Each structure stands twice: as structure tokens, then as C-alpha cells.
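Which chain is which? The protein sequence lines are A and B, in order. Numbering of the first sequence is given in the working numbering, commencing with residue -3 and proceeding in unit increments. Numbering of the second sequence is given in the working numbering, commencing with residue -3 and proceeding in unit increments.
Careful, some of the hints might be misleading.
[What the hints assert, rightly or not] Covered stretches of chain B (chain A as the covering partner; in silico rule of three or more C-beta atoms under 8 Å from a C-beta of chain A):
| # | region |
| --- | --- |
| 1 | -3 to 4 |
| 2 | 62 to 71 |
| 3 | 126 to 140 |
[What the hints assert, rightly or not] Just so you have them, the derived chain B footprint on chain A, three or more residues with Cβ under 8 Å:
| # | region |
| --- | --- |
| 4 | 31 to 44 |
| 5 | 128 to 139 |
| 6 | 149 to 160 |
The set of hints was computed from the structure by calculation and includes no laboratory data. This one's a predicted model, so the numbers in the text were calculated from it and none came from an experiment. Note that beta-carbon positions come from the ideal geometry of N, C-alpha and C, so glycine has one too.
2 protein chains.
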Amino acid sequence: MNYCSLCGAEIGVRVPEGDNRPRHVCGACGTIHYQNPKVVVGCIPEWGDQILLCRRAIEPRLGFWTLPAGFMERGETTQDGAARETFEEAQARVDVIDLYALFNLPHIDQVYMLFRSRLLDLNFGPGEESLEVRLFDEAEIPWDEIAFPVVRETLKLYFADRKAGGYPLRSGDITRSPEEPRRYRVRIYGDR
Amino acid sequence: MNYCSLCGAEIGVRVPEGDNRPRHVCGACGTIHYQNPKVVVGCIPEWGDQILLCRRAIEPRLGFWTLPAGFMERGETTQDGAARETFEEAQARVDVIDLYALFNLPHIDQVYMLFRSRLLDLNFGPGEESLEVRLFDEAEIPWDEIAFPVVRETLKLYFADRKAGGYPLRSGDITRSPEEPRRYRVRIYGDR
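The shape of chain A in the complex, shown without the other chains (with noise of 0.2 Å):
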């Protein structure tokens, strides 16, 4: 961040009045410009025992699978947030159950909030960012293709709690250290 985006002046970084962190000020009209993480919302879009999984068009993880799942937009709810990626991503119309998993990414500052969803009916197929969306018993999950360690990391439990018979909501850190880049450490909250 350079220069103010309400009056173009040259921003710079100070800790502000009544603060306890460094921002981005403007030296001219003195708008701080806070930044947050970033929400991203998704289904695990149910059919029976199968699942939807969409296999990715873009990068990153071309080629790989993942849930259907984006960044929130303004103006709507994480529910619905995470209904229009669906539908985008797997031209799937779903209900929404509840939240099953909530991950914290603070290495790229970001929140995953994927939520169960029943997929209201099989006029599925792929959106513009996918190249191929099918359901998937939990034998044929394609382990070894997944793109993403968070979507991983929440279909292994996804499974594991089926079997015991329920959903809790559930919550982890995924971290990856810039040293090991290609290595991530993932800490999943204790049962509720």
C-alpha cells in the first residue's frame, strides 16, 4: 500500500493514536486503512452418502480437487456466501445444514468457513473455474489429488465423524512456515 486511496496523498506506517499497531496512514487527509483477513465460505454438498467435489480450471491447483468454496463477498451472509460459490463454481443448488468447520489460515490471513449442505438435486456440472464436478463415495475420494491441505484436513474429519454419527463443528489452525514452504502443520481444537 503506497498512496491513500481517498485522496492519492502518500500513505505511510505509524502506530495511531489510541492504537497498539503499526497502520497504513495517510499524511494528508490521516485515513487510516485498516486491513483484515479475508473470509473464504464453501459447501460439503451432500447427495445420500456421496459427496460433490469440484476439480479445479484455475490456478492455484489446476487439475486438483477441492469444495466448492470462495471469498465472501460484501453484502451477504456466509450461508448464502457459501451457496453462491457452489453454484458458481459447481452449478449446484444446495440448502445449507450448518457449519461443520471453521480453520484459521493466519500464515495467508484467511478464515475457512465450510458448511454441510444437501444438494437439492443432480443438475450439477462445471462453472467456469472447474473442469470436471462429480459425487464421490468415500472410497473413491481422490486423497492423493486434493488441492488444498484445509479441504484435506476437513473431509478426513468429515468422514471420521460419520462414522461416530454426527457432526460437532469443528476448528483447526493450518500453518505453513516460510522456511518449509511446501510442508504445512495443522492443530485441530479439542472435541466439544
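Following the hints, put chain B in place on chain A, whose structure we already have.
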């Protein structure tokens, strides 16, 4: 948003290629400046049967009571953010237990995430943004002096759930229409 925070050139509003909604796009360098909802994280700090509330020392709603909560910061988890806000506003140390309330406030682009938490000791007191911090029995809750609808709705659900003997995740929408700025509408999602 008038100027590009990256290069300082003028910003226009248009739908970028491959997107489906208007964004702020720089006319010179082409950067798309996405705007997304913000997460507000906070705690319901418990001490036996009592919970901790803070009386606000700042606007809006100066002098009214609230749960300790504030904007999630970059580089932290939702749970750590909730504990940090509790320390900043109430100088109180907590163990975060679990997410209890997820509220969407789409008219102001906020998502509230309030966590049940356990006060570690009674060494609390007003932080810079609080006039007063104290523990309340249910019967003492100052219902007419609660700062925000989201806090009032969360506390109502919380005490009802406590009577019922459990704390399932609660989720809802709170919206305010521009035509009736003094009234708000509450939708609580179905039980788990």
C-alpha cells in the same frame, strides 16, 4: 475508493473479465481492489455462573454494556483474536472453549464470531476502551443497556441454552434496513 493504493492512479468501477460483479479497478496498473466483509471476534467470558461484560468508553454506544469483541487482525486466528480483544478491553485472561455464536450482519459487512471462554482468574479491569468491567449473574444482566443487537441476541440464546443444558453452535442474521435505521430484524437458524 478513488485512487489506486498501489500506483496512485485513478480508480474506475467495472466488472473484470471472468468476474460477475463490479470491482474497483485501477485504470493505469490494472490492479483489482477487492473489498470483503470483516470478522469481529469476541468472547463470552465465564466465571462459574457469571459472565463478564464491559461498559463502553468509546462511541458508538458509549456507556452501554457489551461482550469484549473487536476486529480480527492479520496474522492471528479467530480464537487468538477473541482472547486478545478480551485482554485489551477487560484486561482479562481466558481459555477459549468453543465457537458459540456466528452472526451475519450483511448491511455493515461484518461477521461476528463469539466464543465461550473460561476466565482464568479475577484479575480483570477496564482497558482503554472500557469504563467499567464486571461479572453478572443472569438476573443482573442490564438488558436495556446492551450496546448492540448481536450481543443481546447472543446473550438471550446463551442463557436459554444454559437452562437447556448444552451449548450448540448458534447462528443467525441481524439486518437493519436503511428505511428504519432504529429497528433491526433477527433471523436465528434452525437448531443443529
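Which numbered hints does this structure break? The structure conflicts with hints 3, 5, 6, although it agrees with all the remaining ones.
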